Amino acid sequence: MVNLTIDGKQIQVEESATILQAAKKAEAKIPTLCYHPVVEPYAACRVCMVEVSLKGKADLVTSCNTKVQEGMDVQTNSERALRARRLNVEMLLARAPAAEPLRQIAKELGIKKTRFAVKDPEEKCILCGLCVRACEQIVGASAISFIERGTERKVSTPFGEPSEACIGCTACAYFCPTGAITCEDKYGRKVIHEEMYLGPTTAIRVPSRQAVPMVPFIDKEACIHFKTGECKICAKVCDREAVNYEMDDTLRDLEVGSIILASGFKPFDARRIPAYGYGRFPNIITAMEFERLVNASGPTGGKVLMANGEEPKAVGIIHCVGSRDENYNAYCSRVCCMYSLKFAHLLGEKTKATIYDFYVDMRCFGKGYEEFYHRLLKEGTKFIRGRVSEINDLALTEKEEGKLIIRVEDTLIGTVRRIPVDMAILAVGLEPSVDHNQLAKKFNISCSQDTFFLERHPKLAPVSSFTDGIFLAGTCQGPKDIPDTVAQAGAAVSEALALADAGKVELEPITAEIDDELCSGCQICVGLCPFTSITYDKDKGISVINDALCKGCGTCVAACPSGASQQKHFRDAQIFAEIEGILLV
Amino acid sequence: MAEKAKDKTYRLHLMVCAGTGCVSNHSYEIKEALEKEIKKHGLENEVTVVPTGCNGFCERGPILVVQPGNIFYQQLAVKDVPHLVEEHFLKGRLVSKFMYTPPEEKKPVPVLNDIPFFKKQVLIALRNRGLIDPEKIDESIARDGYKALVKALTEMTPDKIITEITLSGLRGRGGAGFPTGLKWQLVRNAASSNGGGKYIVCNGDEGDPGAFMDRSILEADPHAVIEGMVIGAKAIGATAGFVYVRNEYPLAVQRLSIALDQARDYGLLGSDILGTGFDFDIQIKRGAGAFVCGEETALMASIEGRLGEPRPRPPYPAQSGLWGKPTCINNVETWANVPMIINRGAKWYAGIGTETSKGTKVFSLVGKINNTGLVEVPMGISLREIIYDIGGGIPGGKAFKAVQTGGPSGGCIPREKIDLPIDYESLTEAGSMMGSGGMVIMDQDTCMVDIARYFLSFTHEESCGKCTPCREGTKAMLDILTRITAGKGTEEDIGLLQDLALSIKDSALCGLGKTAPNPVLTTLRYFRDEYEAHIRTKKCPAHVCRQLNIYTINPETCVKVGRGCDVCRRNCASDAITGQKNEAHVIDRAKCIKCGVCFDVCNFGAVKVD
Amino acid sequence: MSNGTFEPRLVGFLCNWCSYTGADLAGTARMVYAPNIRIIRVMCSGRVDPQFVLKAFREGADGVLISGCHPGDCHYQEGNYKALRRHRLLSKMLEQFGIEKERFRLEWVSASEGTKFQLVCNEFTEQIRKLGPLNLHQNGGRHEQGQA
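Residue numbers (the numbering used here), protein chains in the order written: chain A, 927 to 1511; chain B, 46 to 655; chain C, 6 to 153.
Just so you know, these hints were derived from the structure itself, not from any lab.
Keep in mind that a hint or two might mislead.
One side of the interface only, derived from the structure: several residues of chain A facing chain C at Cβ under 8 Å [to be verified]:
#1 Gln1375
#2 Leu1475
#3 Thr1481
#4 Ala1484
#5 Ile1501
#6 Ile1508
Fair warning: this is a prediction, and the values are worked out from it, not measured in the lab.
We put the CB at the ideal spot given by N, CA and C, even for glycine.
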């Protein structure tokens, strides 16, 4: 520890501290321009200079980079220090009159105008070099540096050309204290509705505001450290040293007794119905996108806005998109009616828009669901029964100009109607998840006709699959809403627990066995077994089946020329008897 | 491959000065002409022509010194060669018309050592000038070159070497005057880091306008520098060395390069030097046209390939220099002194000079002086002796006004202080500094405000631009001085100039900025009246600031003496003069652009300037 | 039975996991299909020994169906491939006995393909009806038609 005096105040700081850091501790204010705690001090602006007396000698030093020494007497506002500071600020004011932090310091020093020649009254760059240092030390790209000498000095890329080393991280703009560097997006921004994340976002981030667990992850594609080897600023600021760049995907082998498949669903891709115009018109959005839009942590903070930022005056909600449709999915996705009603209600709360709901049937099967529907009827949502045929912007009348026209047959009044709206929400159905087929193969799960996982029995075993120990839960087994999913999950878990709790597992009783006497050791069966449960015993000269491995398919039995191999409960004799019996009549 | 020393003995050695000054004055052509003439007379086996480094008496170039005998011929031309060869080298008769006659004397002085310019000089760093061909290592060795290296590497320990240098009192000749022995000790003690290794650097980025000391040393005796660096490397434990030479010195680079190759061939440089197991080699690094790269931290940045701008110190190069390793940077002249100290001992060296400044210093004597050139004098010699005894006084008998020492970082010393002994402390006390050794003499026709403006324009141009006070401050001061010399100065300007100068001195980051205000401060201190004249009466006392001059023609002188010769009117570029032959000519002030040509061309002194 | 349309007697060997469940599905879905098929459950279509097929024909079946999981979906990995091989070879052999190829059929019915099973049964039944009875034991087999 080092003892020193700052403006008459005695303080003690660590040996490695700079005078600036010590001043902060002593609550003495020293203005700075080119200093930033995260990059190496540059000592270029000379605004932070203070007068230091040590061992009888008094000198001006820059406080940002000068280390403290025992017995230093620091005067932050001595006459000498102030003279230098004021003149330097006054000269800088002539160089960059429009730099706000500089103007602020000038104001605090009582400098009203500059006596020196002003070249450009709009200039903001104070040549502090923070952008250059950030690009070199934090980002590791070194795409910009100073060029020219003396008063011609400025920040530039090599030869003023767009630099290949620049990775577009905009750190230079971030660190620039005066806003002299701006970044613009040259290629235009995507419409907010199409994005699930409103970018740009930081490379280290929590997946969403309501993520579980609420822990950040590093997006390797965007992270500067993985591009240039530098930065690591997140690790620097983390108190708990929780950032680990070496963490990699690991493959773990887990031995488990039961598996619950809960691989979820994916929304129907509305692009498959070109007539609905999704992807062509920015204001036609899917239910998932509307959920995001309306969420308080979403891109608009929960406001319902169109792509141009305005509130819609009329909104249409279209049911059964991709469901109940022999061209796409024949099944009903179960949840869309209810969430559409929810949307209608939210739209009523958040906007003054006229809400149209285009339904085929209203499926309100659950607790309070029908009542909620009635509430919506009272709230003034306009329900039109009919499957929407198309949505486009081809206006036929003046009233339809600039609107999205929803064309539908209103089956209750028997006419084809054109409803102009500003925004259309497609209630997309549910489909199995993207990797559904891979999972099915991996776990040997059959799928039902609607392509969701097949349960062992629709009434009596809704959470079990045909394979013992593998259970199904949630929408991977079929479209369902949250209460049903939770119930099914609970059931799957208790089945799994029951299995584990039992302490023992029932083995397959229908394994095959080989009669020693009859076996000739021809070994035909050995190669046939898919589970390699048959081995040839050289000593005995016969083939032997491992009971634990045998699954009971019976292939070896069918192939055995001597009938030595027989499947329990499905012996040849038994089946022969069955055949006889079955053809008695 | 270095040529082996010839066993041949010549009757005469013709030492032709081949320093950049004389070379640009066709001394190579003179050398060729001499060789041709000698061959013509069949004297090739008796007379040899040797190109040497700068002799020092640049005013009188091209120079030829005939050995033995030290006969000094000056201001030769190619057409003079046949006569000279025939007369002196064939017939043995000295040719007095090519000899040097001092200003007050009537008779020429044939022998070099008798010439006042040379008499008071003591040559240590320049000991071999004019005596050896710098491109032949054998000639350097013949004059005790590398003798100190052998002694240092085989008979002395590193500590002993450092002690010797410390006791000698040698101080850095680059300008700051830091005790060399102490610097070496600091580097030697510095902990090796970053993978080990220490560096030696020779600062040859001589940037002061008018300074050519280092250039001359490198052109005349590069081996002295190399030898000094190897000894230094041994003392501090360095593994590699760099000579940073400014790119504008092609001849120095060439000769140094040849010298390095020859030294390596002889095993005096490289791995296992002289079989002692000591490895050290030197690389040449060329500058790229930045004065600021003479500052040690900017120099190191330049060697490392980074932007050539200084960085704050501490850490000092002795702790953390090139690539973060301990580095010893010394000036060319400092290195050139080292071998002599080792050879003749610290006590001998400390016997020359003053209490605080030991040894000699090389100065480039330029400006309003009769004997422009390069001199090496013992510390403590007075300014008067240099200007009058060695320099031959002010041309045209004009009055001495001031001398600027230390280049753009230094200050001017007025005539009142002409008896000041030259040493580090006394010059600093007077407001100036030793600097690298530039000495610009000024007479009554020099405007001190203009001098300050000139030096400021240099430092402003060369400022790297990193720190606010130097970048903006030199411009601010320059603007004010320009206004003053244009007659647009105000009373507040002097106060502002003073404040700026002190503030910049206090707050600049490196030596360039910190010393840039010195010319302003010293001229304000000693010649404030000139500033006031420019501001209050809008007049330049020395008539240098042309915008302030008023040119008139004395009608009487014009008619009576000049008879209206009309020369001025014919030369006036702006048709401001009217008049006819035999009539008094008149200058129209409205049209006069104050170029001063009429003043210059009038043979009768009829044009007056006020 | 004597007069009127000939009702084929079909035996089907259905694998437990796919085809049997598919057939069950057809049932629970109340699908209507020809009742002519008599089902024997095996764990895997690979269990079906050619002898079973021959036995079935000997006992009076007019047609035999083996139904298993779709290739790649076999619960026991490869059993259905073996069934496929056996079916090919056996078909050739049966032809030499004078039994038409059409009487011995191999199908892939998955657990969700109740409709397919219905289709297969109906189609098979009609096909065999057109072919007519096999009458393997015309000349004194162990069981004659109609006898218990």
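If you take the shortest Cβ to Cβ gap from A:Gln1375 to chain C, is it below 8 Å?
Given a least distance of 4 Å, the restraint on A:Gln1375 holds.
Status of the A:Leu1475 interface restraint (C-beta, 8 Å, chain C)
Violated: closest Cβ of chain C sits about 12 Å from A:Leu1475, beyond 8 Å.
Any CB of chain C closer than 8 Å to the CB of A:Thr1481?
holds, 4 Å
Cut-off 8 Å, beta-carbon criterion: hint that A:Ile1501 touches chain C:
This hint holds: A:Ile1501 lies near chain C, its Cβ roughly 6 Å from the closest one there, short of 8 Å.
Should the interface hint for A:Ala1484 be scored as holding, given a Cβ-Cβ cut-off of 8 Å against chain C?
holds, 4 Å
Is the shortest C-beta separation between A:Ile1508 and chain C less than 8 Å?
holds, 4 Å
The structure fails to meet hint 2 from the earlier list, while all remaining hints are met.
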